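**Q** Those sequence lines, one after another, are chains A and B. This note's numbering numbers the first residue of the first sequence as 101 and each following residue consecutively. This note's numbering numbers the first residue of the second sequence as 46 and each following residue consecutively.
Keep in mind the hints are simulated off the structure, nothing from the lab. One thing to keep in mind: the hints can contain errors.
As the list claims (entries may be wrong) - To spell it out: a stretch of chain A is covered by chain B in this simulated footprint if at least three of its residues, at any positions, have a beta carbon under 8 Å from a beta carbon of chain B; those stretches are: (1) 146 to 156; (2) 248 to 257.
Unchecked claim - Among the chain B residues that face chain A by a calculated CB cut under 10 Å, a handful are: (3) E102; (4) S329; (5) W330; (6) D357; (7) V426.
Remember, it's a predicted structure, so these values are computed and weren't measured experimentally. C-beta atoms are modelled at their ideal positions from N, C-alpha and C, and glycine is treated no differently.
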Amino acid sequence: MIAAALDPPVAAAGPAVTTFWGVDCGSSEIKVAAVDRGGRVLLLRKQRTLFPLAGHVHRALAGGTGELSPLVDDERVPGAPVGGVPRLLPGQQIHATGYGRSHIEGIHGQLTEIKAHFLGVQHQLQLDRDYTIIDIGGQDAKVIRATPGRVDQFAINRKCAAGTGAYIEELAHRLEVPMQSLPGLAAGHDRELTLNSYCTVFSGQEVIKLLMHGERVENLIYALYRSVVKRVLEMTAISTDTLVFSGGVMNYHPILVPLFAERFGDIKTILAPNAQYCGAIGAAIHGLKEDEENGIHHHQQLRPV
Amino acid sequence: MMRDYFADLGAASRDPARKVAWCTSVGPAEILRALGFAVYFPENHGALLGATRMSSETIPVANAHGYSPEICSYLTSDVGACLKGVTPLTKAYGLEEAPRPDVLVYCTNQCKDVMHWFGWYARRWSVPLLGIHPPTHVAEVRPEHVADVVAQYRHLIVQLEAISGRKLDPAELERAVARSREATDLWEEVLNTGTARPSPLSFFDGAIYMGPIVVLRGTEIAVDYYRALLAEMQDRVAAATAAVPGERKRIYWEGMPVWGRLRHLSEVFQRNRAAVVASTYCNSWIFSDFDPRQPLPSMARAYTRIFINRDDACKEAYLLRLAGQFGIDGIVYHAARTCPNNTNSHYGMPERLRAQGLPGVVIDGDLNDLRCFSDEQSTTVIEAFVETL
Ligand code: SF4
Numbered sequence: 101m102i103a104a105a106l107d108p109p110v111a112a113a114g115p116a117v118t119t120f121w122g123v124d125c126g127s128s129e130i131k132v133a134a135v136d137r138g139g140r141v142l143l144l145r146k147q148r149t150l151f152p153l154a155g156h157v158h159r160a161l162a163g164g165t166g167e168l169s170p171l172v173d174d175e176r177v178p179g180a181p182v183g184g185v186p187r188l189l190p191g192q193q194i195h196a197t198g199y200g201r202s203h204i205e206g207i208h209g210q211l212t213e214i215k216a217h218f219l220g221v222q223h224q225l226q227l228d229r230d231y232t233i234i235d236i237g238g239q240d241a242k243v244i245r246a247t248p249g250r251v252d253q254f255a256i257n258r259k260c261a262a263g264t265g266a267y268i269e270e271l272a273h274r275l276e277v278p279m280q281s282l283p284g285l286a287a288g289h290d291r292e293l294t295l296n297s298y299c300t301v302f303s304g305q306e307v308i309k310l311l312m313h314g315e316r317v318e319n320l321i322y323a324l325y326r327s328v329v330k331r332v333l334e335m336t337a338i339s340t341d342t343l344v345f346s347g348g349v350m351n352y353h354p355i356l357v358p359l360f361a362e363r364f365g366d367i368k369t370i371l372a373p374n375a376q377y378c379g380a381i382g383a384a385i386h387g388l389k390e391d392e393e394n395g396i397h398h399h400q401q402l403r404p405v
Numbered sequence: 046m047m048r049d050y051f052a053d054l055g056a057a058s059r060d061p062a063r064k065v066a067w068c069t070s071v072g073p074a075e076i077l078r079a080l081g082f083a084v085y086f087p088e089n090h091g092a093l094l095g096a097t098r099m100s101s102e103t104i105p106v107a108n109a110h111g112y113s114p115e116i117c118s119y120l121t122s123d124v125g126a127c128l129k130g131v132t133p134l135t136k137a138y139g140l141e142e143a144p145r146p147d148v149l150v151y152c153t154n155q156c157k158d159v160m161h162w163f164g165w166y167a168r169r170w171s172v173p174l175l176g177i178h179p180p181t182h183v184a185e186v187r188p189e190h191v192a193d194v195v196a197q198y199r200h201l202i203v204q205l206e207a208i209s210g211r212k213l214d215p216a217e218l219e220r221a222v223a224r225s226r227e228a229t230d231l232w233e234e235v236l237n238t239g240t241a242r243p244s245p246l247s248f249f250d251g252a253i254y255m256g257p258i259v260v261l262r263g264t265e266i267a268v269d270y271y272r273a274l275l276a277e278m279q280d281r282v283a284a285a286t287a288a289v290p291g292e293r294k295r296i297y298w299e300g301m302p303v304w305g306r307l308r309h310l311s312e313v314f315q316r317n318r319a320a321v322v323a324s325t326y327c328n329s330w331i332f333s334d335f336d337p338r339q340p341l342p343s344m345a346r347a348y349t350r351i352f353i354n355r356d357d358a359c360k361e362a363y364l365l366r367l368a369g370q371f372g373i374d375g376i377v378y379h380a381a382r383t384c385p386n387n388t389n390s391h392y393g394m395p396e397r398l399r400a401q402g403l404p405g406v407v408i409d410g411d412l413n414d415l416r417c418f419s420d421e422q423s424t425t426v427i428e429a430f431v432e433t434l
């Protein structure tokens, strides 16, 4: 649990909510989104996930001087985690998602990443057919089958890092290549190799062995991407004709989109706008929807913590 | 009651005039009781090791002695505990060690790990190892299956008579089977109170309440216990007392409990106002076939017909029937890493049942080996699943 918690400023009847904030507390980055009552995305920002988590979530929410913020002005402490008990400005609501969501106290609601990514994608794309979201994050990968109205089914990768950002990171480290150079290098491949192993450590060993046999780094990186695709598609069968990609990894490694596409005959692929922020946007949208549905303002009911 | 049971086991193992038999959880306990054995169930010990999380210390010991992390973690928890010289029975019931067996009796109706498990003790203590090997994964229990198992029981009885030094009294066996039947019927009624809305009990309560039907079936004590428990559950139903206040969704738990995380998982469901109202696991000790007029054939039928020993078509029909009876919104399948026998999500069952309108989700974990379980991931999967229902 966290030391500091958000303290709603008004216990009695407050003003109508004007801004809904979504926090996606992921394993490597904390993403923040704000939307207004009309669902317009007002702001997106992020920072690395550091500990203590609560302080850094507050800091990510607070933003820098002059930036839009749900917290009262004196809570902005540039360069240091927010201490004390940050207070909300009137008319602000915060909803959280991501692995860290249950460690943030005093927020107005929380939801799983599955639902958050769906809401973020659907809100931005307004799709009118069934589709599948592939969300590759720092420590897990998800395949979400959705209708325009709801999540129908989902799968999360099991047990190990294969097929996730951590897998790419580990192998980039083995190859001694900076992460940002990976897509460029992969484009220079001249041969299709296959990494067979299921496990990050074993894949690392395969890579080392191939390197020792003089394999080009470009080909190994390309193989690494192909193996991410393979691992993700092993999770569940894709039964829709539209694939939407979200999550930070797709953002940094857009080369994955065509690699997924080529595994299917006739499929429409879409890289979600603000792919990395779909979860945060979805969390904010969740707040907006709940507020609209309930017609009451949750923050009025929150006990001060 | 459990304290008395273990105190008696402790006394029996110290008393040279009494004999202790170890028995698998769905083994032929009634025969052992009728022959006067004090009966001890290592799987119950395994569950205690898991629930106390002592298994995290004992499994690695067994692993280091050549018993793989991939095999039954009841086995590795228990064998590791023996090697380490520790037992949760000390703290819970004042027993210094698990009662030493005079004979080990297993039945492979559940798995073959029990044979290897008891085999380890047979070698360690030079104790006879006796097994019943019924036909496995049957679609239906046919007369020839019953005849096969009854013949094995008869052979077993001869061997056990030699160990216990007394002849089996048929009336004693009839009484044991009658008491097992009575207890199991009451247990079924207890579990069926879960059909009420809101349910008065959850799987997580059931996993605790089921102790006596495992270790004391065939005794009057179990009958009394379940009679009292049933009355309590009926009161709760009458008063509409909910196991999960504000129950919104009703879930079926398929597979083993995650013993070291019962509380955590119970809280996850509770938070999401989802009540786990039925489970394969608790239902596995309902033996409606027991018939004191035909003790051996009815035992053969009951112990061969158990869920774990059936083919997938039977299992699916059973799950669909219970889903209807309990008003289930969805199934959570626990894929227990070290018990494929109690894991039913590996061969496409969730997909097949979903196609028949019964959605499900798989969580990865294990009965006792918490190295295979992630709080974070299981929470996300369960919460996201409840969101979709
Ligand atoms: S059924 Fe599973 S948990 Fe039970 S003894 Fe066999 S392997 Fe172990």
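**Q** Failing hints, ascending?
**A** Per hint list: 1, 3, 4, 5, 6 violated.
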